[in-house]
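Chemist: One letter stands for each residue in the lines below.
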Amino acid sequence: MTALYLKARHVQAMRSKAMPAQVMHLKNLTIKLAGLLFACLLSFGISFSAHAAIEVYDFDSVQQEAQYRGLIEELRCPKCQNQNLAGSDAPIAQDLKQKTYDLIKEGRSDTEIRAYMQERYGDFITYKPPVRPSTWILWFFPPLLLIVLVIGWFWQSKRSQRVARGQSGVTVDSVAALSAAEKAELDRLLSRSNKHSNDNNEHDITSTEDKK
Amino acid sequence: MSQSDNSSQKTPDNKGAANNKAAANNKPTKTMKKSQMKIWFLIPLIVFAGFVVMLYMRLGQPTDIVTNTALERPVPTFELPLLSDTSRIMTNDNLPDQPFLMNIWGSWCPTCIIEHPFLMQLEERGVNLVGVNYKDDIGNALGYLNRGGDPFSMSIQDLSGQFALDLGLTGAPETFVVDGEGIIRQHIVGEINESNWQSRITPCLMLLNEADKNNVSPDATQVKEMCK
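In the order they appear, the protein sequences are chains S and P.
Quick note on my numbering: the first sequence kicks off at 11 and runs consecutively.
Quick note on my numbering: the second sequence kicks off at 42 and runs consecutively.
Hints in this document: simulated from the structure, not taken from any laboratory.
This structure is a prediction, so every number in the text was calculated from the model and none was measured.
Treat the hints with care, since some could be wrong.
[As the list claims (entries may be wrong)] Among chain P residues calculated to face chain S with C-beta under 7 Å, some are:
#1 Pro103
#2 Ile106
#3 Thr110
#4 Ser125
#5 Gly202
#6 Thr211
#7 Gly212
Even for Gly, the Cβ is constructed at its ideal location relative to N, Cα and C.
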């Protein structure tokens, strides 16, 4: 993503050399406007789809209305399977909304209403599945993965810090582990090749000395 | 001249030896890093391959989730008017004593219209069908049965949709296979036709009929197998 962005910036920079500054400015503005328009459309689209139906329910209190809104957002339409009740106009969704309303008017709690729906439509009816052994993986795997990744990341960054400071001794030690004899050998070889590369261009007698 | 040629041939050798030695000194750390790098490059590849396999396995499989909460339970209690005579109130006691099919239908439902001729055929074959007229205008419902024929031994009127809700209905048409003891054993979402009649409903109904003949409840494991 970043690479793509950088590339785009690069292309833009290349173009701006060829284009007058004013044209460039106008172009930037249009792009920005188009982006803004797109964002607006997107957000409107989302809000439209989330409340497909216009409801005419009367509630006794604001709490009841809030309870109703919460529940129809949380409950799923069993027919149109990727919509909640709030977003669906399917006949069964209308019935379930009506039922939710009736139950709220009767003064039932959220838990009771969820139980009522679950008895008839199973766990599938809610976007908030109950926590029990069969759903543990659903609830606990993502946070567990996050924890593992964060720990792993910390560990990795700590290690690379230690390497950078030369404390872990992975890279530093292996270089320092040359014995005195090896060091002398290395020096000899280095000086030799240095000498040779110096001499190589000249082709004089010193290079023949090497042979001996 | 020949001497200098020799030397120029030999010195690169020396240089190479020096390089080799330097490489040998670096080797342990470098190879370790390389294999580690390899693993880090391989992990996303393996994850991706696993993902591809997982998605491939699901290709062409049905994606609809069918909720079957009504199964292995008695038909929910109801007190609903008879469609043909709404002054008469039907209850669970009025349901047949032998295995039967309970079909939820409405004159407004396009798939029900498609399904209807097949229901007529089933009636001719002697299958006991009970209709639940679901959220329908009574005039339209009766007109529908007059025009297309009435395959049902009786139809009850569920105007509010409450009975359908208790059944865990998702839409019309749906069909429930009920055994002689009034327990729902099979749930067909959508139309029934020759194909699923042969493959799904007939085996289940035969099992239920046999159990009913012997006056016993059908075997649970067999129901699981035959009434999918």
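Chemist: For every hint, state whether the structure bears it out.
Modeler: Evaluated hints:
Residue-level restraint check for Pro103(P) is violated (minimum Cβ-Cβ distance to chain S is 11 Å; threshold 7 Å). Because the smallest distance between the Cβ of Ile106(P) and any Cβ of chain S comes to about 5 Å, under 7 Å, the interface hint for this residue holds. With 7 Å as the threshold, the beta carbon of Thr110(P) comes within range of chain S, its nearest partner Cβ sitting at about 5 Å, so the hint holds. Interface hint status for Ser125(P): violated, as the beta-carbon distance to the closest one in chain S is roughly 24 Å, over 7 Å.
With a cut of 7 Å, the hint placing Gly202(P) at the interface with chain S holds, because the nearest CB-to-CB distance is about 5 Å. Among the interface hints, the one on Thr211(P) holds; its C-beta lies about 4 Å from the nearest C-beta in chain S, closer than the 7 Å criterion. At its closest, the beta carbon of Gly212(P) sits 5 Å from a beta carbon of chain S; the interface hint therefore holds under the 7 Å criterion.
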